[in-house]
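Please model the complete structure; the sequences and the hints are all you need to start from.
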Amino acid sequence: MNIDLELYKSIKNSGINLLLSVPCIMLKGLLEIIEVKKEIQHIPVTREEEGVGIAAGAYLGGKVSAILMQNSGLGNSINAIKSLLDVYMIPVIFIMSHRGAAGEKIVAQIPMGQITMDLLKCLTLETYILDSPEKIKNIEIAVNEAKKNKKPVAIILKKTLWRESNEKI
Amino acid sequence: MKRFDALIEIAKLLVNELVVCNLGDPSRELYSIKDRSENFYMMGSMGLTSSIAFGLAISQPKRRVFCIDGDGSILMNLGSLSTIANNNPMNLIVIVIDNSSYGSTGNQKTYTSKKTRLEIIAKGAGFESVTVIDKEDEIIPKLKSLGLGCHFVLIKTMPGRAQVKNIPLDPEKITIRFIKALSK
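If you're matching them up, the sequences are chains A and W in order. If you're matching positions, the first sequence starts at 1 in our numbering and goes up one per residue. If you're matching positions, the second sequence starts at 170 in our numbering and goes up one per residue.
It cannot be assumed that every hint is accurate.
To be verified - The calculated BS3-like cross-link candidates involving lysine-lysine, where the alpha carbons are at most 25 Å apart (straight line), are:
(1) W:Lys353 x A:Lys148
(2) A:Lys105 x A:Lys148
(3) A:Lys150 x W:Lys325
(4) A:Lys150 x W:Lys342
(5) A:Lys82 x W:Lys349
(6) A:Lys151 x W:Lys349
(7) A:Lys63 x W:Lys349
(8) A:Lys82 x W:Lys342
Just so you know, these hints were derived from the structure itself, not from any lab. No experiment lies behind these values; they were computed from the predicted model shown.
The following block contains the structure:
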């Protein structure tokens, strides 16, 4: 099974029609598929918080947006999540790779990796953990919940999702 | 010219345009000059005015979008200028009212009061159309002369705020009425 392709299909089926991204090595394959298919508008951004602003404006204009990023980008987005998305009731889907978890080789990723789940709870972001292929379809559930509740949601991509390619991290 | 004077001129041009306005005094002043459902007033997330306006512009390509930002705010999100210029929406005017100060927090000076030149940053970011305005009576003719395209307009003003009231709208209400106005 090509996990990146399955992720892509679920993102497309969910109705997401604008993707903002800050790259991560774990997202490399997915970003390549997005670029090749050219079915979903994709705009690379310079910083995750910028992506939150673009996604918010696009929602006002009628689009359903997701931000592809590392969990480190959650730290860069906190103020915008609370003082823009929460108070203006704007749904945005955060799809983030979870760096700094068990097996992480880059020391600087570890502290943020350790607090990511607590941070999401503290931010009261409804969170969906994708740690196995059968959970990929939950992207569609997450997007529906976000739209229904007019609130941002988080989708966490765990390294175990890509069982066969763990060595690349 | 102060920001309030510049906003009065800009407001005269607003007919079908969608507006995203920077938080604090700029939004309060615009609200007092010309409130409309098509104005999105920011109340938080400082720095993101141009990003919100860009997101709106790419999702509503048939509507012209005015971003009304400030120097302190755009300096927090300079990467946005690269994103906007490279994606080049044909319906966006990024207006930065540069009073060289953080006007809503007590007029502390920003770096545009020293060496920083936002029009050069905008050019470096990739904007092909960059306009600098420093006279009140040039605002309307210069903005009117801009055709379809992605424009950066710097309006240089003095610091200072007008005595206006707070916006009596909840953020949620701002979102709802904005989306409703778009669906008409």
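Now for the hints, and whether the structure bears them out:
| no. | hint | result |
| --- | --- | --- |
| 1 | W:Lys353 x A:Lys148 | holds, 22 Å |
| 2 | A:Lys105 x A:Lys148 | violated, 39 Å |
| 3 | A:Lys150 x W:Lys325 | violated, 38 Å |
| 4 | A:Lys150 x W:Lys342 | holds, 13 Å |
| 5 | A:Lys82 x W:Lys349 | holds, 23 Å |
| 6 | A:Lys151 x W:Lys349 | holds, 19 Å |
| 7 | A:Lys63 x W:Lys349 | holds, 15 Å |
| 8 | A:Lys82 x W:Lys342 | holds, 17 Å |
Of the numbered hints listed earlier, those contradicted by the structure are 2 and 3.
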